[in-house]
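Colleague: As you go down the protein sequences, you meet chains A and B in turn. Using our numbering, you'd call the opening residue of the first sequence number 1 and step up by one each time. Using our numbering, you'd call the opening residue of the second sequence number 1 and step up by one each time.
Everything labelled a hint here was simulated from the structure, so no lab data went into it. Please note that the accuracy of each hint is not assured.
Any copy, or any two copies together, can satisfy a pair, since identical chains are not distinguished.
With a cut-off of at most 20 Å between alpha-carbon atoms, the simulated EDC-like pairs for lysine to aspartate or glutamate come out as follows [what the hints assert, rightly or not]:
#, residue 1, residue 2
1, 168, 135
2, 120, 97
3, 171, 135
4, 49, 10
There are 2 protein chains.
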Amino acid sequence: MRRNDFYLPEGIIYLDGNSLGPMPIAAQQRVQQTVVDEWGEMLITGWNKANWFQQPGLLGNRLAPIIGAPENTVIIGDTLSIKVYQALAAALQLQADRSVILTDSGNFPTDLYMAEGLIKTVGRHIELKVVAPEEVKEHLDESVAVMMLTQVDYKTGRLHDMASLTEKAQKVGAISIWDLAHSAGALPIHLEKCKPEFAVGCTYKYLNAGPGAPAFIYVRHDLINKVEPALAGWHGHSAPFAFDAHYTPANSIERMRIGTQPVIQMAALSAALDVWDKISLDDVRAQSIALSELFIAQVEKRCPALKLISPRNSADRGSQVSFGFEHGYAVVQALIANGVIGDFRAPNVMRFGFTPLYIDSADVLTAVDKLEYVLNEGIWKQENFHQRAAVT
Amino acid sequence: MRRNDFYLPEGIIYLDGNSLGPMPIAAQQRVQQTVVDEWGEMLITGWNKANWFQQPGLLGNRLAPIIGAPENTVIIGDTLSIKVYQALAAALQLQADRSVILTDSGNFPTDLYMAEGLIKTVGRHIELKVVAPEEVKEHLDESVAVMMLTQVDYKTGRLHDMASLTEKAQKVGAISIWDLAHSAGALPIHLEKCKPEFAVGCTYKYLNAGPGAPAFIYVRHDLINKVEPALAGWHGHSAPFAFDAHYTPANSIERMRIGTQPVIQMAALSAALDVWDKISLDDVRAQSIALSELFIAQVEKRCPALKLISPRNSADRGSQVSFGFEHGYAVVQALIANGVIGDFRAPNVMRFGFTPLYIDSADVLTAVDKLEYVLNEGIWKQENFHQRAAVT
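So that you can see chain A by itself, here it is in the shape it has in the complex:
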């Protein structure tokens, strides 16, 4: 759909956009411009002249349509872990008479860890209740303060039904926090329609904003001015440059800002968001499903040693397909050496992301050819493919 907007190394089929999106060609020049023409030439005056200070809100508004959010409900900044903490602290403060955070075992670990850290910090007793993904709905009752879920499971690609889970949460008076790390840019999301209270996500996966790109947070419009930020940084102050002795939050989504944001990374994000200008998420979803179905059918036919871990029904999956294999780590390393980049998650999960922005069905067929070759010729058995790297 947008193959020409991305740089992909010659001969590489990139099936790991679910972990780190490739470089939009415009990002290179945009970053250089921010470094040389803004930082270099404008120095401190870049905060005004190049509008650095407004970037978190401006980029938030450009990201909003991708996740079905209205204007002025999304702001860029920090890391996803920090945004999880912000949302969770705000939700607990709004639910002073409830003490259960309901989540599932398919949530990304850092979401659970940040909850653990927050629970140790807040004085009152809070229980982090972790249930199986398919059991979340039945555990939603009047004891639940917050339902905190990642929409697409990072390991299996399993997709939660945001609409029905959020509706049930609201019926029992629970606040919903959706982590969109593996869904923003992968499929249509309807925050305004589903009405969850909070959503958070990152921009370096399907949004292609580069390694360590800043995260985002969404707060439902009617709640924004009720949220008391636990991370009360000066950029979220109603008058940051008044340098008041006391914190007064901005009367807008700007109150979810904390400290000084990474201006150079935001330049890359800006270029990455340009790619989405005329993209329909429904088209992205339809093509991503077609590519995933093709991949599953071919792999199951030609590589029978691999077992599908992702849900078989495409409506229950995100944009990623996972296969299990005991020697999955070595297979992924051998595949990478053969020009197909996927990734691996312990203990045995091989993950492949299908992002129609820069992947087509010819790529999928070539990837399966290579996978078949690596398996059937026993390429993965070479010793060098078994050496574990620091980051797996």
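Using the hints provided, position chain B relative to the given structure of chain A.
Modeller: Coordinates of chain B only, in the frame set by chain A:
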């Protein structure tokens, strides 16, 4: 001292390195390399091949000597506001039987705001006691859990005596947190010798790492493994890629990591730290004092309308000099239009930073010439210099 290592626009005298350092020339290429050769070519494999994952610790170790810290006690990441919260939450957890955070009215507002936010979040009663800078010592008593100070006052340039305040704090059993935002890279700091428990700081001022560059945190060696991170992100886990269900902090300063750090900004930081390789902080300090003394003497002689706000005794100042003038905002704008960049803080503070890495005495004399011209010719009275920008 290192003028050739920096890009400064033709005809500009830059006296605002205390707010945002100028671009080290090597930063341009280093950033480009990280974007094009690493993100572009390596894609996800950059986390291993380009060592992205280790950067927070590697850069922390390179920064450590600049602040007198030993190896493996400093780590890069996030924003200074977040690092203040991390340090303060850890300190309060170590001081469960005390309930006063002692700080001063010269602290940077975000430090106070983050404390306010944390106090609202923790269950027990904590008092944020704000006293005048010169009264901190006398308020240090057995009730104080944490003494949280910024070493150099962002408005006045007043320098706290870290050694004697930390010693007194330790005598009364209080934990010290030093914010080095306006001192790291400006003057010699002896964390190992002064033995405070925590220090935090930013890298975009005197360390020249670019707009929105990541912050740092120092934890005293003997305390590292006693700190229970409140912001328990997965990058601080003892085995981040095991994806355990529960958080176990790393047995090292790595536990102060949170989420995925800005890889592109870290490239600029890496280039910025190269500049310090053969620099003596004692030389930086001596030359910065000489430049500041020259500026004060010349301004007082030639611009009598301006009143010195900074301490007169150079041993009591950081690397920045502030003068008060009712129309300071307009004067700073007029100065910028005339090629001298300083900045302004409400209500009447004109700030000028003296960073001998790229400023010399000829620059100081030219800056005073321009200041005198702007004042004596009434240049600042022009209407356009009174229009307030978003960021002042």
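Colleague: Could you run down the list of hints and mark each one as holding or not?
Modeller: Status of each hint after checking the structure:
1. 168 with 135: Within one copy, since 13 Å is at most 20 Å while 56 Å is not.
2. 120 with 97: both (18 Å within a copy, 16 Å between copies)
3. 171 with 135: within (17 Å within a copy, 54 Å between copies)
4. 49 with 10: Between copies only: 18 Å across, 39 Å inside.
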